[in-house]
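Listed in order, the protein sequences are those of chains F, U and A.
Taken in order, the first sequence gives residues 1 to 330; the numbers are from my numbering.
Taken in order, the second sequence gives residues 1001 to 1146; the numbers are from my numbering.
Taken in order, the third sequence gives residues 2001 to 2296; the numbers are from my numbering.
Hints are computed from structural coordinates only; laboratory data are not their basis.
Do not take every clue at face value.
Computed cross-link-like contacts, DSSO-like style, restricted to lysine-lysine with a CA-CA straight-line distance of at most 27 Å [unchecked claim]:
no.	chain 1	residue 1	chain 2	residue 2
1	F	K279	A	K2093
2	U	K1138	A	K2093
3	A	K2043	A	K2013
4	U	K1118	F	K251
5	F	K280	A	K2175
6	A	K2175	A	K2153
7	F	K279	A	K2073
8	U	K1138	A	K2178
9	F	K208	F	K254
10	F	K279	A	K2178
11	F	K208	F	K251
12	F	K280	A	K2178
Facing chain U, a subset of chain A residues (Cβ under 10 Å, in silico) [unchecked claim]:
no.	residue
13	W2213
14	S2215
15	L2268
16	G2285
17	G2286
Here a beta-carbon is modelled for each residue, glycine too, at the ideal position from N, C-alpha and C.
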Amino acid sequence: MLVAQKAKLREILNALSEEYQVAVPVQREGTSAFELYRDGIEVMFNGNTSISPKGMFFPQTEKMYGFKTVKNTTEFVSLPVEQGKRLLFGVRSCDMKSLDCLDQVFLTKGYIDEFYKQKRERTVIVALGCNEPGETCFCASLGLDPQKAAGADVHAYDLGEVIGFEAVTEAGQKVLDLLKNHLREQQFALPPVGEFYLKPEVAGVPEKLKGMFESPLWEEIARKCLNCGACTYVCPTCHCFDISQDVRGEKGIKYRCWDSCMFGEYTQMAGGHNPRPTKKERVRNRFMHKLNYFPERYNMLLCTGCGRCLDVCPVKMDITSIIQQIKEAK
Amino acid sequence: MSVNEVTWQPKILVFACNWCTYAGADLTGLSRLQYPATVRILRVPCSGRINPQFVLKAFQKGVDAVLVAGCHPGDCHYTTGNYFTRRRFLIMRRLMEYVGLEPERLQARWISAAEAPKFQQVITEISEQIRALGPNRKLRDEEWKI
Amino acid sequence: MEDLTLVLRRTAKEILEKGEAQMVIGWEKGAFWYSSTSAFISKPEDTERLIWDEYCVNNLAKYLLDYRHKEGKVAVFVKGCDSRALNVLLQDKQLKREKILIIGLACPGMKDEVEARKLGRGSSIPLYKKCRECRYPNALNYDFFIGEDKVIKEIPAQDDFSEVQALESLSPDEKYNKFVANYERCLRCYACRNICPACNCRECIFDRTASGWSSKANNVSENMFFALTRALHVAGRCVGCGECERACPVNIPIMLLNKKIIQDINALFGEYEAGTDVTAKLPLGGFEFTDPEEFM
């Protein structure tokens, strides 16, 4: 395994910055997120970021195109698109899995989302293994390996004083080649992964949910929900968006932005009818989508066990206990 | 929506009560009292109609200052509308100052239908203050230019 | 508090058995030792789930809105802040008093979950800041009270506005930069609004983006428009329960705005403590001829 002293991380990231636009997990004002790397910025190692890296590929607000009226017609104006190679350092297993989910949505079944694709293709990902799961984590129960993130270009391991690196893909190998002068070969065994506190048993849940659309369980589960969008916005897999525009005089910009199935407006129709009028229907949709609709369509859960929703929910809606309740429901 | 420093002129939005300030502005013109062309007057049925959101939206869309103007206390066409305005904007002005807006940029005045000279004077005064302060960039929504 | 849990369960059970209410809203244990969450009990045998511990921070008053058009009565447990919130809902005529059964509690102050997770079980966990500053720990308005009606928490002599005043003393640009730093990370998830008992509009302007007043786009300008609109909208009705701040997933000090308004209302229109008196007139729902005059 190629290793480097953790204290040398700054040099490594500086070296990478010459080739890539680098983003790293950073703690700030009681919250944490991926930020563009600047020399001297302190990289967060303890636990995962409170805001997932999905915004790096699918920003909360993204301009799509401009338009303007010229005489009697409308002309499209293409907007500048950011180019250049990017590197994400420190993505955890759960968030790597979420990119797999987003890839399914934005890149498969004949639907290609150019905005997503462009960002995805120019990004190299250095994943960072987790040794000690957070209290709200449950990725292992969903079949993920917290130390080796599937789909990453490079695996990085937190080995205490040192960081280990292993290239997985060709793009990853290029990254490590860049760092030749900073890395040395040394044998290291991966530390054992700590015990998970939450262990939901998800087997059979997607199939069981098929017949549970009308279950009285949803009303019970939904009672405490406030219908805010905190869970959906911190979720690394939630990918609903709305398209809107800002028009100023004869010019305007079409943009898309995150939307949340928790909001009443989400399913509001032009005539005023709302097929999901109360929180029961909205909560049901959220969990059905995660645990049944998505698995049916893409053969994987739309949950990666990152535990962020448990962490931020002001009223402690808990997907692991909901999975349990679904299992126990008659 | 961006600001051109060279050609910039203050842009002041006046919310004027239909029954007093609006008529007062009219009288200012009739009386040939000149005031700077920096104001845009928006007529409202009563100063009590002015929702704080109107003011916030104006700043978002790029005005440099807002003047809320209505009838003198006791003179409201609807008896008490302006008393509500008074409480509301005593609070709002302080809040806006608290989040960093210069106090000159949000003002309120009572200007009656007869007070043409006062209207002239207030507008001139605010115009000069804003000219000295320069363009407002706070709260402004500049995301959407192409 | 463990003894009170038993009293609480017994009370809830009696209420449901006697049919005095169709549902009891209280707290139950969440996934972790430091998390307690709202519980909705409608069967007497389920009252065993109820608890009363130092983590029952969740303000339950807002949930009553979900049942306001339902038949029958709902019973709810209230601490001091919940009680003030409930009073505001009554003042706003959102609830009918006769449709709710209020069971008051004396609150010792709730412990900070975030600190609890950080420090671990067994260590001494500090109270939430809002609880340390709380001046009304005991329920104010109730049908009956559980536990001894006595002060079990140290009560500060007056509200603490020192953070507000520290901000006030900065220059306009410094203030603005601080404000931007706080709100550029706002996700606009509306957790603050949805948990706030003063935010009780049937339809919120931020759920009506088609109206053009607000946009779903997330940028500093829109986020501040939301923050300031909400602060002004709850002006005079914010009970200072601090639930907005607790609910915020990105840790925005939302109470800095609300406290500023509370401070100004006190200074301009006389001392007013929202939710402490159901019969009181709302400061921004009325006026005095003698109000300060600055607009001459």
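Review point. What hint numbers does the structure not satisfy?
Key: Going through the list in order, the structure violates hints 2, 4, 5, 6, 9, 10, 11, 12 and respects the others.
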